[in-house]
Amino acid sequence: GAVVSQHPSWVICKSGTSVKIECRSLDFQATTMFWYRQFPKQSLMLMATSNEGSKATYEQGVEKDKFLINHASLTLSTLTVTSAHPEDSSFYICSAIPGGAYSYEQYFGPGTRLTVT
Amino acid sequence: AQRVTQPEKLLSVFKGAPVELKCNYSYSGSPELFWYVQYSRQRLQLLLRHISRESIKGFTADLNKGETSFHLKKPFAQEEDSAMYYCALTVKAAGNKLTFGGGTRVLVKP
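Sequence order for the protein chains is A and B.
Heads up: the first sequence begins at 1 in the working numbering, then just goes up one per residue.
Heads up: the second sequence begins at 1001 in the working numbering, then just goes up one per residue.
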C-alpha cells in the first residue's frame, strides 16, 4: 500500500529557532500533499495544501511566512516552522494523494511532535 | 464553509454490543463523506468512503442527505475496535481538502 513517512518523528527546539519537517511518499508520486496540525485531544486542522511545482495554498488564519511549505519534488514536501514559539508546539501531520485524475484517498504520515522550549 | 460535527467525544461499550458513532455535516452541495480511524500509536487511515457503500471490519455507514448525517455503525463491537474515529468531508471543488470532525474515542470493554 501507499506509505507516507515523516522526519523527524519528534523534535525539540528553542524559542526563536526554525525547524524543518519532511514528508515523503515512499512508493508513489504525490502531486498534492496536505499539512495538518493537531493539538492534544483535538482533531486535525488543515494548515495548507502543498502542490508540486507551485506555491502552497494556506488556510485562513495560517501565517504563510511562519509556516513555509516547499513541495520540491513529487515525493517530498517540507514544512519549516520559522522563529518558533512555545505556542507552535503541536503535532504536525502530513498526507499525500497518489497522482491520477480520480485519486481521492489521502495517505497519512505518522506525524511529527514539535516541542518549543 | 463546510463543517463536520461528532457530538460524542467518548463511546464506551461492552464487547459484542452494537456501537454507533454519530456524524453530522453542513454543506449546501454534494460532499463526499469518509470515516477515518486511528488505532493507538498508529497513523490515521481510511475506514470507509460513502460512495463505496461497503462494509469494512464490520462497519457500515449510510449517507442521509435529508438529515445531513453519516453515522458509523457496527452491530457487534470487538475489543480491537477501540480507537479514535474521525468523520471527514471533502468537496471536489475544494481540491480534495478534508474537513474533520472533532473525533470520537471508542472504548470496547471486555
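Check the hints yourself; a few may be wrong.
[To be verified] Simulated crosslink set (DSBU-like; lysine-lysine; CA at most 35 Å straight-line):
#1 K1109/B <-> K41/A
#2 K14/A <-> K1097/B
#3 K1092/B <-> K64/A
#4 K1073/B <-> K1022/B
#5 K41/A <-> K1057/B
#6 K1065/B <-> K1009/B
#7 K55/A <-> K1057/B
#8 K20/A <-> K1092/B
#9 K1022/B <-> K1065/B
#10 K1009/B <-> K14/A
#11 K1109/B <-> K66/A
#12 K20/A <-> K1073/B
#13 K20/A <-> K41/A
#14 K1109/B <-> K1065/B
#15 K64/A <-> K1009/B
#16 K1009/B <-> K1109/B
#17 K1092/B <-> K66/A
#18 K55/A <-> K1109/B
#19 K55/A <-> K1073/B
Calculated directly from the structure, the hints in this document are not laboratory data.
Remember, predicted model here, so these are calculated numbers, not experimental data.
Against the structure, the hints come out as follows:
A C-alpha spacing of about 21 Å is found between K1109/B and K41/A, which places the hinted pair at or below 35 Å, so the restraint holds. As the CA atoms of K14/A and K1097/B are separated by approximately 32 Å, the hinted pair is consistent with the 35 Å bound. For the proposed pair K1092/B and K64/A, the alpha carbon gap of about 24 Å is at most 35 Å, so the pair holds. Straight-line distance between C-alpha atoms of K1073/B and K1022/B comes to about 9 Å, which keeps the hinted pair within the 35 Å bound.
With a C-alpha separation of about 25 Å, the suggested pair K41/A and K1057/B falls inside the 35 Å cut-off, and the hint holds. At roughly 23 Å between alpha-carbon atoms, K1065/B and K1009/B fall within 35 Å of each other, so this suggested pair holds. Of the pairs offered as hints, the one joining K55/A and K1057/B is violated, with about 39 Å between alpha carbons and a cut-off of 35 Å exceeded. A distance of roughly 30 Å separates the Cα atoms of K20/A and K1092/B; the hinted pair therefore holds under the 35 Å criterion.
Distance check on the hinted pair: K1022/B and K1065/B sit about 14 Å apart at the alpha-carbon level, within 35 Å; holds. Restraint check for K1009/B and K14/A: satisfied, since their Cα atoms lie roughly 34 Å apart, inside the 35 Å limit. Restraint check for K1109/B and K66/A: not satisfied, since their Cα atoms lie roughly 44 Å apart, outside the 35 Å limit. Our distance criterion of 35 Å between C-alpha atoms is broken by K20/A and K1073/B, whose separation comes to about 40 Å.
Restraint check: the Cα-Cα separation between K20/A and K41/A comes to about 24 Å, which is no more than 35 Å; the hinted pair holds. Our distance criterion of 35 Å between C-alpha atoms is met by K1109/B and K1065/B, whose separation comes to about 33 Å. The straight-line distance between the Cα atoms of K64/A and K1009/B is roughly 32 Å, inside the 35 Å bound, and the hint therefore holds. With a CA separation close to 17 Å, the supplied pair K1009/B and K1109/B stays within the 35 Å bound.
Among the hinted pairs, K1092/B with K66/A is consistent with the structure: their alpha-carbon atoms are about 28 Å apart, no more than 35 Å. Of the pairs offered as hints, the one joining K55/A and K1109/B is violated, with about 48 Å between alpha carbons and a cut-off of 35 Å exceeded. A threshold of 35 Å between alpha carbons decides the hint, and for K55/A with K1073/B the separation of about 40 Å lies outside it, so the pair is violated.
Checked against the numbered hints above, the structure violates hints 7, 11, 12, 18, 19; every other hint is satisfied.
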